[in-house]
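So the protein sequences, as listed, match chains V and F. Residue 177 in this note's numbering sits at position 177 of the first sequence; the count goes up by one each step and never skips. Residue 332 in this note's numbering sits at position 58 of the second sequence; the count goes up by one each step and never skips.
A hint or two may mislead.
[To be verified] Taking lysine to aspartate or glutamate pairs in the EDC-like style, the calculated list, with each CA pair at most 16 Å apart, reads: (1) K437(F) - D407(F); (2) K163(V) - D407(F); (3) K437(F) - D294(F); (4) K437(F) - E310(F); (5) K163(V) - E36(V); (6) K437(F) - D133(V).
Calculated from the structure, these hints are not laboratory results.
There are 2 protein chains.
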Amino acid sequence: MPTILPIHDADDPRIAAYRDIRERDLVGRQGLFVAEGRVVLAMLVAATGYRAESVLVAAHRLDSVGDLVAPLADDVPVYAAEQPVLDAIAGFPMHRGILAIGRRVDPLSPDALLASLSGDADVLVLSGIANHDNMGGLFRNAAAFGVGAVLLDAECCDPLYRKAIRVSVGGVLKTPYATLARGDDPVALLERHGFAPLALTPGGATTLAEVVPGRRNAVLLGAEGPGLAADLIARARGVRIDMAAGFDSLNVATTGGIVLHHLAAGRHRSTSSS
Amino acid sequence: MPTILPIHDADDPRIAAYRDIRERDLVGRQGLFVAEGRVVLAMLVAATGYRAESVLVAAHRLDSVGDLVAPLADDVPVYAAEQPVLDAIAGFPMHRGILAIGRRVDPLSPDALLASLSGDADVLVLSGIANHDNMGGLFRNAAAFGVGAVLLDAECCDPLYRKAIRVSVGGVLKTPYATLARGDDPVALLERHGFAPLALTPGGATTLAEVVPGRRNAVLLGAEGPGLAADLIARARGVRIDMAAGFDSLNVATTGGIVLHHLAAGRHRSTSSS
Numbered sequence: 001m002p003t004i005l006p007i008h009d010a011d012d013p014r015i016a017a018y019r020d021i022r023e024r025d026l027v028g029r030q031g032l033f034v035a036e037g038r039v040v041l042a043m044l045v046a047a048t049g050y051r052a053e054s055v056l057v058a059a060h061r062l063d064s065v066g067d068l069v070a071p072l073a074d075d076v077p078v079y080a081a082e083q084p085v086l087d088a089i090a091g092f093p094m095h096r097g098i099l100a101i102g103r104r105v106d107p108l109s110p111d112a113l114l115a116s117l118s119g120d121a122d123v124l125v126l127s128g129i130a131n132h133d134n135m136g137g138l139f140r141n142a143a144a145f146g147v148g149a150v151l152l153d154a155e156c157c158d159p160l161y162r163k164a165i166r167v168s169v170g171g172v173l174k175t176p177y178a179t180l181a182r183g184d185d186p187v188a189l190l191e192r193h194g195f196a197p198l199a200l201t202p203g204g205a206t207t208l209a210e211v212v213p214g215r216r217n218a219v220l221l222g223a224e225g226p227g228l229a230a231d232l233i234a235r236a237r238g239v240r241i242d243m244a245a246g247f248d249s250l251n252v253a254t255t256g257g258i259v260l261h262h263l264a265a266g267r268h269r270s271t272s273s274s
Numbered sequence: 275m276p277t278i279l280p281i282h283d284a285d286d287p288r289i290a291a292y293r294d295i296r297e298r299d300l301v302g303r304q305g306l307f308v309a310e311g312r313v314v315l316a317m318l319v320a321a322t323g324y325r326a327e328s329v330l331v332a333a334h335r336l337d338s339v340g341d342l343v344a345p346l347a348d349d350v351p352v353y354a355a356e357q358p359v360l361d362a363i364a365g366f367p368m369h370r371g372i373l374a375i376g377r378r379v380d381p382l383s384p385d386a387l388l389a390s391l392s393g394d395a396d397v398l399v400l401s402g403i404a405n406h407d408n409m410g411g412l413f414r415n416a417a418a419f420g421v422g423a424v425l426l427d428a429e430c431c432d433p434l435y436r437k438a439i440r441v442s443v444g445g446v447l448k449t450p451y452a453t454l455a456r457g458d459d460p461v462a463l464l465e466r467h468g469f470a471p472l473a474l475t476p477g478g479a480t481t482l483a484e485v486v487p488g489r490r491n492a493v494l495l496g497a498e499g500p501g502l503a504a505d506l507i508a509r510a511r512g513v514r515i516d517m518a519a520g521f522d523s524l525n526v527a528t529t530g531g532i533v534l535h536h537l538a539a540g541r542h543r544s545t546s547s548s
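Turn these sequences into a full structure, and let the hints guide you.
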């Protein structure tokens, strides 16, 4: 059970990591990130591969977060500040009233992460996803449909950016991910681990509805606009989503949700009929 | 072919409707709205049920919008301003460089709108969608999957809000919509027009993958959190999307995309096999 430590001054050095969180980004600085709100804090406390470094709550919310922080180690400080002090720390009205600093610990390499997935599994491979809303949305959908791992190429933004975590509703902390180095070959890696690569692209020869999911599927998605690189598409199975004439436009996170639902539903069907 | 009118002064009364567009919202004021960017302007020019009142472009983009505005009537002014003047008008750096004021004309009642849809059709019925991102995302998905109409209840936000139009990539201007009055009964209305109501809800008895689409389907979606009202669910077919244990959370626009894809793909299959 962690100790509650009152904070009376926004300049208190103990809460420096929480200062002006909207204006800056902890990511890249020692693997730290900001988690906001009850749901995300609960995910952080429960997560494998992440550790809560500290928690900062509005004093009037202390009672309601007791259960949530109880599993934390004794040495994890839980700071409590009156709402005006909290607002002054965060740099904006912090209505949610619950913040935490998390740390990512011992991330696996892409190879080790795929090796950790046995049996039936879907993975998501993201290329050039630079928008934090889309990144968060993709992780939310990955978590919702039980994706085993997400691989990011070197052009993707960091999923531990505050907004991406928030949009993911904590999904970033649920679904393990690994980042490919520039020049890594994702298709070779996937095939080595027995994942069939499906490249989502408007020119795909197969429509999604026709895809009968195998046991191990990899869904490759590129950014809206540029899409996936031609050499990736050429070495994967090209899959398209048929749309209405004159409006061939889906958000990339929505596309991910549609594909992952199709795979999950198809797997469920083949399981129940076997 | 409209006439090009140069604007040299951000205070010019002719472009008053464009002033400080980020700070305010034209919606509700005489049915006017702001369209931003090339793609949305193209949708506005082509749209049924909408009229471009005027266009404002960065002078250096004039050449590139010529084709786009050519179909507009002669009396629709196309204002051109140098970038600094344009930024001063909009109140922020207007990188897109293309704005238009649109007007919605002669919207149909919900009843007349459903009556206009003959044969196979899907409609979307939205309840309490108050977030402009979600509203825009839902219209983008509706347009992508060729939805015939969107019905909004009285608790929904206005889809013609600037951000909703932008997020929809112009889908708001593509898919016709109508707003129900408070107290209107959407289920009775849908059934009168032969639409089978599917209520998306985590407690639904049927999983989406089992739904065999009929010829006329209505997809009912409520806001994330509160969801649909119990009395609506009770009178519709309850449909759920199965998710991973411990993460039962999908964005409402993503949910709409998944359901509409399932219906469109199912219809296509039954058409091609008949």
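How the hints compare with the structure:
1. Of the supplied pair hints, the one linking K437(F) and D407(F) holds, its CA atoms being roughly 7 Å apart against a limit of 16 Å.
2. Between K163(V) and D407(F), the direct Cα distance comes to roughly 15 Å. Compliance with the 16 Å bound is thereby established for this hinted pair.
3. Among the hinted pairs, K437(F) with D294(F) is consistent with the structure: their alpha-carbon atoms are about 14 Å apart, no more than 16 Å.
4. Proposed proximity of K437(F) and E310(F) is supported: the alpha carbons are some 9 Å apart, at most 16 Å.
5. At roughly 9 Å between alpha-carbon atoms, K163(V) and E36(V) fall within 16 Å of each other, so this suggested pair holds.
6. About 15 Å separates the Cα atoms of K437(F) and D133(V), which keeps this hinted pair within 16 Å; it holds.
Hint check: no violations occur; every hint is consistent with the structure.
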